[in-house]
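Visitor: Quick note, the sequences are listed as chains A and B, same order.
With the first letter of the first sequence counted as 1, position 133 gets the number 133 in my numbering; the numbers rise by one all the way through.
With the first letter of the second sequence counted as 1, position 100 gets the number 100 in my numbering; the numbers rise by one all the way through.
Be aware that a few hints might be false.
Cross-link-like lysine-lysine pairs, in silico, DSS-like; alpha carbons within 27 Å at most [claimed, not checked]:
hint, chain 1, residue 1, chain 2, residue 2
1, A, Lys119, B, Lys324
2, A, Lys324, B, Lys147
3, A, Lys2, A, Lys119
4, A, Lys24, A, Lys193
5, B, Lys14, A, Lys5
6, B, Lys322, A, Lys147
7, B, Lys193, A, Lys255
8, B, Lys290, B, Lys5
9, A, Lys255, B, Lys147
10, B, Lys114, A, Lys114
11, B, Lys290, A, Lys324
12, B, Lys47, B, Lys2
13, B, Lys2, A, Lys119
14, A, Lys2, A, Lys47
15, A, Lys24, A, Lys52
16, B, Lys95, A, Lys2
17, B, Lys191, A, Lys255
18, A, Lys2, B, Lys119
19, B, Lys2, A, Lys5
20, A, Lys314, A, Lys255
21, A, Lys5, B, Lys95
22, B, Lys114, A, Lys5
23, B, Lys322, A, Lys114
24, A, Lys43, B, Lys5
25, B, Lys173, B, Lys24
26, A, Lys2, A, Lys193
27, B, Lys5, A, Lys119
28, B, Lys173, B, Lys119
29, A, Lys95, B, Lys5
Chain B regions said to be covered by chain A (calculated; three or more residues, Cβ under 8 Å) [claimed, not checked]:
hint, region
30, 5-15
31, 72-86
32, 239-249
Residues from chain B shown here face chain A by an in silico Cβ test under 7 Å; the list is partial [said to hold, decoys possible]:
hint, residue
33, Thr108
34, Arg178
35, Pro325
36, Leu338
These aren't lab readings, by the way, just hints derived from the structure by calculation.
All values reported here derive from a predicted model rather than from experimental measurement.
We treat Cβ as the ideally placed atom computed from N, Cα and C, and that holds for glycine.
The residues making up each chain are set out below.
Protein chains: 2
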Amino acid sequence: VKISKPTLLIDRYKVALNIDKMIKTAAEAGCVFRPHFKTHQSKEVGKIFREKGVNHITVSSVSMAEYFAEDGWNDITIAFPCNILEIDSINNLAKEVELNLMTDSAFTANFLSKNLINKCGLFIKIDVGYNRSGLEYNSPEIDEIIKSCEHSNNLIFKGFLTHDGRNYSAIGKAEIERNLVEAINIFKHLKQKYPGAIFSWGDTPSCSLSDDLSFFDELRPGNFVYYDVMQYHIGSCTLDEIAVVAACPIVSINKSRNEIVIYGGAVHLSKEFIAAENSFTLFGYAVELKNRKWKHPINGAYVDRLSQEHGIIKIPAAELGKFKPGDIIGILPIHSCLTANLLNNYYLLI
Amino acid sequence: VKISKPTLLIDRYKVALNIDKMIKTAAEAGCVFRPHFKTHQSKEVGKIFREKGVNHITVSSVSMAEYFAEDGWNDITIAFPCNILEIDSINNLAKEVELNLMTDSAFTANFLSKNLINKCGLFIKIDVGYNRSGLEYNSPEIDEIIKSCEHSNNLIFKGFLTHDGRNYSAIGKAEIERNLVEAINIFKHLKQKYPGAIFSWGDTPSCSLSDDLSFFDELRPGNFVYYDVMQYHIGSCTLDEIAVVAACPIVSINKSRNEIVIYGGAVHLSKEFIAAENSFTLFGYAVELKNRKWKHPINGAYVDRLSQEHGIIKIPAAELGKFKPGDIIGILPIHSCLTANLLNNYYLLI
Chain A
1 VKISKPTLLI
11 DRYKVALNID
21 KMIKTAAEAG
31 CVFRPHFKTH
41 QSKEVGKIFR
51 EKGVNHITVS
61 SVSMAEYFAE
71 DGWNDITIAF
81 PCNILEIDSI
91 NNLAKEVELN
101 LMTDSAFTAN
111 FLSKNLINKC
121 GLFIKIDVGY
131 NRSGLEYNSP
141 EIDEIIKSCE
151 HSNNLIFKGF
161 LTHDGRNYSA
171 IGKAEIERNL
181 VEAINIFKHL
191 KQKYPGAIFS
201 WGDTPSCSLS
211 DDLSFFDELR
221 PGNFVYYDVM
231 QYHIGSCTLD
241 EIAVVAACPI
251 VSINKSRNEI
261 VIYGGAVHLS
271 KEFIAAENSF
281 TLFGYAVELK
291 NRKWKHPING
301 AYVDRLSQEH
311 GIIKIPAAEL
321 GKFKPGDIIG
331 ILPIHSCLTA
341 NLLNNYYLLI
Chain B
1 VKISKPTLLI
11 DRYKVALNID
21 KMIKTAAEAG
31 CVFRPHFKTH
41 QSKEVGKIFR
51 EKGVNHITVS
61 SVSMAEYFAE
71 DGWNDITIAF
81 PCNILEIDSI
91 NNLAKEVELN
101 LMTDSAFTAN
111 FLSKNLINKC
121 GLFIKIDVGY
131 NRSGLEYNSP
141 EIDEIIKSCE
151 HSNNLIFKGF
161 LTHDGRNYSA
171 IGKAEIERNL
181 VEAINIFKHL
191 KQKYPGAIFS
201 WGDTPSCSLS
211 DDLSFFDELR
221 PGNFVYYDVM
231 QYHIGSCTLD
241 EIAVVAACPI
251 VSINKSRNEI
261 VIYGGAVHLS
271 KEFIAAENSF
281 TLFGYAVELK
291 NRKWKHPING
301 AYVDRLSQEH
311 GIIKIPAAEL
321 GKFKPGDIIG
331 ILPIHSCLTA
341 NLLNNYYLLI
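Isolated chain A, as found in the complex (with noise of 0.2 Å):
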């Protein structure tokens, strides 16, 4: 296939390697292994999973849910609060596979209980302290969601479940490792009082970062697959492991701004940045492809604006010489998730 489009590359070699260290991470933890599959969103990808014996999942919708039933995975967590306008879909797959839901709200779990017709297994979400959704652990609600299961013949109550998007702002192990003990702390509460409780944990930078995850039953980390710079930047990477670039055509080149001009804006890597000092902002570092694979970043240069199909590389002179429209160059995503899902219809498995 020739590449005209914004196309995204998946290195199956570095995303094969990425998926060995955490089956190792997950084992040496001795939890189950449950990948969170919102990143590459990609039957393909999921089959390299499944050739490595990976057969428990996490996806973030209904629709996804939907999605990898299709092609036979049949133990899903949607970790996403349960969308109660969904019920119906969600009795459909309930039919066909293992299905885990997720909530923080017992108004959710009481209507749930009312309305399955078939068993699905129910994880708490808690928050430890990242602030998007979930119960504090001490919040009386978490008895009555778990009385709505009791209640309940086909919800069926399974553990905790979080998810510390502190850590995609942190900077380096040790405050992984420190918002790691804190959330551990507030875990251990319920371990005491629910034992026999489920406790699934998962987010990129600790379960690559962190030296002990045995307090958890089960990770669902999914963005290393990919990896990005923004993991790069947290440290959860190396820039040798991030698995994708956009492969995008160049239209133009500025000699005077020392600008190249490509075809793959907002639309193709999404507006995700690192921002720094000097309202400098980061949309993606760029790399020379040679028969489509790619080794570090273009010296000094990066993507440094994004209108809707439009992206702005500053590059030194000394390397702009190299191109010319109708070359085309690879671009490191900020945030290879949402790079992923804009280029869904528009990848090579190389």
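Model the placement of chain B on the given structure of chain A, informed by the hints.
Guide: Chain B alone, transformed into the frame defined by chain A:
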């Protein structure tokens, strides 16, 4: 259709009013109206334009040109630096429709002059200060490009095109009028030197606010069809003129933080935001939906942060009590072009 997932509601009545107003603006300026269809990317919305007599359109990619050509649009300008890797698709398109390309590169023009097999118009992109793409008005590359056209049977020089993206970070009419005067002063040099050239202009803020666009021959605004919170902040529209909301299921309520968690995140709304002081960021306003219609934003309610599938709405306690999981709430998007792109397969024209 029951709404159970993030869905773009497009108010047909507001769309029609927005189009009527812009048709009038173009007529008063004596300009051809060539609206940019990248905002809606929808044949159905295109039909509303067609019923009002519009028959020239602008798009920002070859793919979008193909999509609208399929629907019978036969006069299309691709206002994006021509991507020579798509030469085959361009040649196929140019067989079927009146096609105009754009470039700021003599290299590209030379390539086109040799590789086009059907006639295409060519606009030269001029930079009037936005510094994204385009040539300076006095660049010798302009004559090189025109020379390529003269040496070609198929590449026909049409004129000059610009997009003054500075107007997207302007506030208020005065600043936009100042930008316009600057741009016209630049274009005047070209009008003198190249009499007969078409001068094509287009951005929603100036087309919405300027008193006199009669210098130009053609207007290409796009966003105005929907408008959005960013345009409201610039002053291009009233809140009432915003013609789309993302209807999002409520999945959780957090009373201790006065927050609503919605199914509606970066993959639905985009990560575009408006930044204000004290690192306040705004990802959208929240509106109540009644029979899928909305009025003004709920006082004090706004989208405070987004992750992949989650959105977090801050809302005053007095308003919070009205909502529960399973309700649908509307989000006025920051940048409707990006939101409409993401919800391209999930919209209702109402």
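Visitor: Does each hint fit the structure? Answer for all of them.
Guide: Tested hints:
| no. | hint | in the structure |
| --- | --- | --- |
| 1 | Lys119(A) / Lys324(B) | holds (24 Å) |
| 2 | Lys324(A) / Lys147(B) | holds (20 Å) |
| 3 | Lys2(A) / Lys119(A) | violated (47 Å) |
| 4 | Lys24(A) / Lys193(A) | violated (30 Å) |
| 5 | Lys14(B) / Lys5(A) | violated (34 Å) |
| 6 | Lys322(B) / Lys147(A) | holds (25 Å) |
| 7 | Lys193(B) / Lys255(A) | holds (24 Å) |
| 8 | Lys290(B) / Lys5(B) | holds (17 Å) |
| 9 | Lys255(A) / Lys147(B) | holds (21 Å) |
| 10 | Lys114(B) / Lys114(A) | violated (69 Å) |
| 11 | Lys290(B) / Lys324(A) | violated (53 Å) |
| 12 | Lys47(B) / Lys2(B) | holds (24 Å) |
| 13 | Lys2(B) / Lys119(A) | holds (25 Å) |
| 14 | Lys2(A) / Lys47(A) | holds (24 Å) |
| 15 | Lys24(A) / Lys52(A) | holds (11 Å) |
| 16 | Lys95(B) / Lys2(A) | holds (22 Å) |
| 17 | Lys191(B) / Lys255(A) | holds (25 Å) |
| 18 | Lys2(A) / Lys119(B) | holds (25 Å) |
| 19 | Lys2(B) / Lys5(A) | violated (35 Å) |
| 20 | Lys314(A) / Lys255(A) | holds (11 Å) |
| 21 | Lys5(A) / Lys95(B) | holds (21 Å) |
| 22 | Lys114(B) / Lys5(A) | holds (21 Å) |
| 23 | Lys322(B) / Lys114(A) | holds (23 Å) |
| 24 | Lys43(A) / Lys5(B) | holds (22 Å) |
| 25 | Lys173(B) / Lys24(B) | holds (19 Å) |
| 26 | Lys2(A) / Lys193(A) | violated (59 Å) |
| 27 | Lys5(B) / Lys119(A) | holds (23 Å) |
| 28 | Lys173(B) / Lys119(B) | violated (40 Å) |
| 29 | Lys95(A) / Lys5(B) | holds (21 Å) |
| 30 | 5-15 | violated (count 1) |
| 31 | 72-86 | holds (count 7) |
| 32 | 239-249 | violated (count 1) |
| 33 | Thr108 | holds (5 Å) |
| 34 | Arg178 | violated (22 Å) |
| 35 | Pro325 | holds (5 Å) |
| 36 | Leu338 | holds (6 Å) |
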